[in-house]
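From just these sequences and the hints, can you work out the full model?
Residue numbers (the working numbering), protein chains in the order written: chain A, 28 to 281; chain B, 52 to 316.
Because the hints were derived from the structure by calculation, they are not lab data. Errors might be hidden in some of the hints.
Stated by the list, open to error - With a straight-line Cα cutoff of 30 Å, these simulated DSSO-like cross-link-like pairs (lysine-lysine) come out:
(1) B:215 - A:92
(2) B:215 - A:157
(3) B:220 - A:102
(4) B:220 - A:221
(5) A:96 - B:220
(6) B:215 - A:97
(7) B:215 - A:38
(8) A:38 - A:188
(9) A:148 - B:85
(10) A:218 - B:215
(11) A:106 - B:220
(12) A:164 - B:85
(13) B:315 - A:164
(14) A:188 - B:220
(15) A:166 - B:316
(16) B:220 - A:38
(17) A:48 - B:315
(18) B:215 - A:188
(19) A:166 - B:85
(20) A:188 - B:315
(21) A:106 - B:315
(22) B:215 - A:102
(23) A:148 - B:220
(24) A:148 - B:315
(25) A:164 - B:220
(26) A:102 - B:85
(27) B:215 - A:106
(28) B:215 - A:166
(29) A:164 - B:215
(30) A:92 - B:220
(31) A:247 - B:215
(32) A:166 - B:315
(33) B:316 - A:164
(34) A:96 - B:215
(35) B:220 - A:97
(36) B:220 - A:157
(37) B:215 - A:215
(38) B:215 - A:221
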Amino acid sequence: MKFKIPIFDVKNLSFSVRGQKILLHISLEIFSGEYVAIIGPNGGGKTTLIRMLLGLESPSEGNIKLFGKKLSNFKSWHKIGYVPQRASLVDANFPATVSDIVNMGRTAQRSLFSFLSKEDKVAVNDAMTKMDILDLKNKMVGTLSGGQRQRVMIARALASKPEILILDEPNTGVDIVSQRNFYALLAKLNKEEKITIVFITHDIGVIADDIGRLFTINQKAIVCNNPKEALSCEEMSTLYGIEAHLIHNHKHEH
Amino acid sequence: MLEMLEYEFMQRALIAGMLIALLASISGTFVVLKRYSMISETLAHSALVGVAVGLVAGFNPLWIAVLVAILSAWLIEYLRSSFSLYSDAILAILLSGSLAIAVIIVSLGGAFNNSLFSYLFGSILAVSNEDVFTILFFGTVALVLLLAFAKELYFIAYDEEVAKTSGIKVQFLNFLLVTVVAIIIALSIRIVGSLLIGALMVIPTVAALQYRVGFLNTMFLSVAFALLSVISGMTLSFYFSLPSGATIVLCVLSFFIISLIANKK
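Written out as C-alpha cells, the structure reads:
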C-alpha cells in the first residue's frame, strides 16, 4: 500500500525527565490512511511519545511535524481526535449527559457565545450514530458501562471530523466483549471512513489481525512493517525483558 | 417583603446581592467542577489586603480589592502552571499570607474598626450607590466573559488535556477564569463578607450536583439556589437584624442539606 500524505513526521526525538532518559532518538513517520499500533512495556515511553506528538510534552531534542507543519505552528487541531488513557473511567458525579460530552468535540470549531450550528449538530449526530450511542444521548455518562463510556469518548473525538484518531490504551476498564467490538469498530473506521488510526495497547494477541504497522517502544523504537511476522518471540523477549511464547491466532487469516 | 423594599439601602443591597448570586453561582460551577473550590477562600483573603490598603490609604476599598484579588489569582495560576507545587498547598500559603498582610496593614494604619468588620462578614447597610455601580460595571464584564467562554471552560473542567489537544487555549482560559473569579469575589465581600463568600460560590453548585442532571441544568439549579438564598437571607437579615453574610450562607446551606437528603441513594 502506498501512502502519500505524512501526518506525523518525527525525527530523532528524545525525552528525559530529571536526567532519566525516557525516549532515545525516535524517528518515525505515520501516513494518511494507516492503521498503527504501539506496544511496549510499562514505563517504556509509549504514552510519552503520544503526548509529545500532541504537544502535551516538549521533547528534549528532535523535531515533530504534523501534517507537514512544525508542531509549534500547527493550528488545525480539529484534524486530530485524541482519546486519552483511562478516558472511560469518568468521574461518576460530573454533570454530563452523553450529548454534553460529544458536543465537546465541536467546541474548538464554534465561535464565542454560539449555540450548536446545523453543521455542529450533524457532526455530533453522525459521531453518535457511528458509535451506536444515539439512544443514550440524554443519559448521564456516569451511569453508563465501561464499554458504553469508551464509545462516548470516541464519539467525542469523531465529532470534530478528524483525519487521525489517537487512542491511548482505550480498553482500560472495558469488558472483553466490548473490547472485541471495539477493535472491529476501529478497523471499520479505518477502512470505511479512511480515518488514520494510531493506538497504544497491551493487547498483543488481538492487534496483529487488522493493523498495518506495529511500533514497539521501549526507550527506542522498532518499526515493524509486517506485524504478523515481526512479532517473533525473540523480539518480544527483548522488548519486554522476559521469555515470551507467541500464540498464533489463525482465525482471521485468509 | 414590600416594607423592606421601601428602604433605599435594601433596594441597593438586593440589586447588588442578586447580581452577586448570579455571578458567584455561574463561576462557582466551573470552579467546583475543576476541583478548585479553595481558590474562592484564598482570593477572598487576598481581596481583604486590597480592602485594608483602601481603608488605610483612603481609596475606594472595593476597587483596590478587585485589583489585588486579580493579581493574587494570576500569581496562583502562574505558580500552579510553572512550578511542581500542589495546587491546594499554593492556595493555603496564599490564604494565610494574605490574611497576615491585611491584618498588619490595618494594624499599622489604625483602621482595625467596624469598617473592616463589615468587609469580613458583609453588611447590607454598608452598600453605597458607588458600590452598586462598581458591582454592576465589573459584574457585567465578568458575566459576559463567563458566558462567552462557558463551553470552553466546561470542556477544560472535564478534561484539560483533551481540550488542549483539540485546539482550545487552555492556559489563557484558566487565567481568564481565575481573573473573573477574583473580580466576583472582590465584589461580593461587601454583601457576604470575605470569610463567607466561598460558601456562596461553592455550595449552590454542590447542592445542584446532587440532582445528577446535565451541565446546563446543574448551572440553572445552582443559580436558582444562590438567588433564593440571597433573597431569603437578606429578608431574614432585615426583619431579624441578623448579619447578612452569615444569614445568606445558612440559607444556601439549607438548600444543600435538603438536596442531599432528597437525592440520597
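| query | Checked against the structure, which of the hints given earlier come out wrong? | reply | Failing hints, ascending: 17, 20, 21, 24.
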